[in-house]
Amino acid sequence: MMKLQIDHLTKRYWLQRENRDVLALADVSFSVEDGEFMAIVGPSGCGKTSMLNIVAGLLPYDEGNVLIDGKRIFGPGIDRAVVFQHASLLPWRTIAGNVRYGMELQKRFDQAAMKERTDYFIKLVGLTGFERHYPSELSGGMQQRVNLARALAADPVVLLMDEPFAALDAQTREFMQAELLKIWTKAKKTVVFITHQINEAIYLADRVVVMSARPGRVKDVFRVPFDRPRNLSLKREPRFLELEDSVWKLIEEESERLGMVAAV
Amino acid sequence: MKTETTLAQPHIKAETPVRPRESLYQRYEASILGGTAVLIIVAIWQAVWSYTDWISPLFFSGPSAIAKAFWSSLTGGNLLADLAFSGKNFTIGFGLALVSGVVLGVIIGWYRRIRLVLDPFLNALYAAPRIAMMPLIIIWFGIGMWSKVFIVFLSAFFPILVNTAAGIRNMDRDLLRAARAFCASDWQIFKTLAIPGSVPFILTGVRQGVAVGLIGVVVGEMLGSSEGIGFMVAYGGQTFQTDTLFVGFVIIAFAGILLTSVAERLERRFSRWRPER
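Quick mapping for you: the protein sequence lines, in order, are chains A and B. Position 181 (the first sequence) corresponds to 1073 in our numbering; numbering is contiguous. Position 221 (the second sequence) corresponds to 628 in our numbering; numbering is contiguous.
Please note that the accuracy of each hint is not assured.
What the hints assert, rightly or not - Going by beta-carbon spacing under 10 Å, a handful of chain B positions derived as facing chain A: (1) A450; (2) D460; (3) S480; (4) R576; (5) D579; (6) L582; (7) A585; (8) A586; (9) C590; (10) A591; (11) I596; (12) T599; (13) L600; (14) G604.
It should be emphasised that the hints constitute simulated quantities derived from the structure, not laboratory data. A virtual CB, placed ideally from N, CA and C, is assigned to each residue, including glycine.
With the hints as constraints, model all of the structure from the sequences given.
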């Protein structure tokens, strides 16, 4: 069953200075099944963040449709929650207060349920004991866990993740990827995960959408053939590296076409 | 689950801060050096005052003479009454400025159109030295306490207003986006982001307001009054009582240091968004 359908989506930006518009997304179509982990990978400037913002309801689009459970979306909704690239935590609220924040705004749960869900998701992301700390006291990786807990606690149908580990150091990023898979297995959410890192997309996802650069189009959609649960060591296996290499070639073609890579 | 504990480990120290041992000197280095310097300067000043005739008592004064003048005006003079008068003027004027400055600042920061209408007036009044209006204010309110209350109000009001409005407007874009994604209404954004986010800005306004409010009360009392610390300084000058003049000046300096350091402390605490341990 299709949870999220993106149907001939087109987005243009108006360039004030040059007095013309530029095509950011051109006729993008794909769909995500219930409970599926979908990664979207593409070179920088391929409009993948624009697409996520459109699905989140934060950005208007020009043509096409975004459907969740067959219904068209209008603006932000309680059926979606976003994990942002920057943790975007309220610095004056404790960790528990931040995890509550999304639920508070959406007013879906009563006080008791909010308390219970806050505790549950703090535990799920491994931050028990830090409830009363402030975001400034936490490392970048831990802040992203709070960001994730806040989104999960709001109980979305589709979880949207916008390069959530891009700002983390390489080691923390690897740990967070493994953690995310564990959490995803327990939370059973449909996930759309934006990234520019091919190995991150392959390691995490059931299927991967490869996008082309300027304007963003769907270049390829493929299923990742590796069984779950996946260990981090999978990333060092030849079959993984082979797949990564083939995706890299797809993107490289694109970049060369645009003259972004001189000669590799 | 192993990764969880290893990741959490480095931050356990946030709960029990391990502070490296400091010597008494290291901990109070600023106060020790600064305090010693002040003592030495005062001692040299006093020595020059009592053992040489380099200082004419008409043009300057010495520490012991100032202390004596302080004591005599405290016991026999009007010092306490003057202090109470100035303190009352400052407190009422500043209190009014704080309340109205924050309320109006929030309105101006939140409603763009109101801001655009009021901006030229606010900019003009914010940039102009309000103390120049003192003669006019005396015409309006007379030379009693209310002209001083009003000049303090007028001085402190604009920095508080302008900073509050800036705080409301400077909402963090990432936080705004996050709130919108969670379907926040305008009212929810106002309550949960704009107001708490502007607290450090409001406190910057308070610090600036305290400084200009103090100038307001002192100069206001100098220009037209028969009471208060400002009057004491002006009167001391007119009657060539240099010692008394210095007493007033020292009191004003101390009040300034005290009030601004309190305001600075508040500001620092809230701009880091951390509760006191």
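Quiz item: In ascending order, which of the hints set out earlier in this document are inconsistent with the structure?
Solution: The structure conflicts with hints 1, 2, 3, 4, although it agrees with all the remaining ones.
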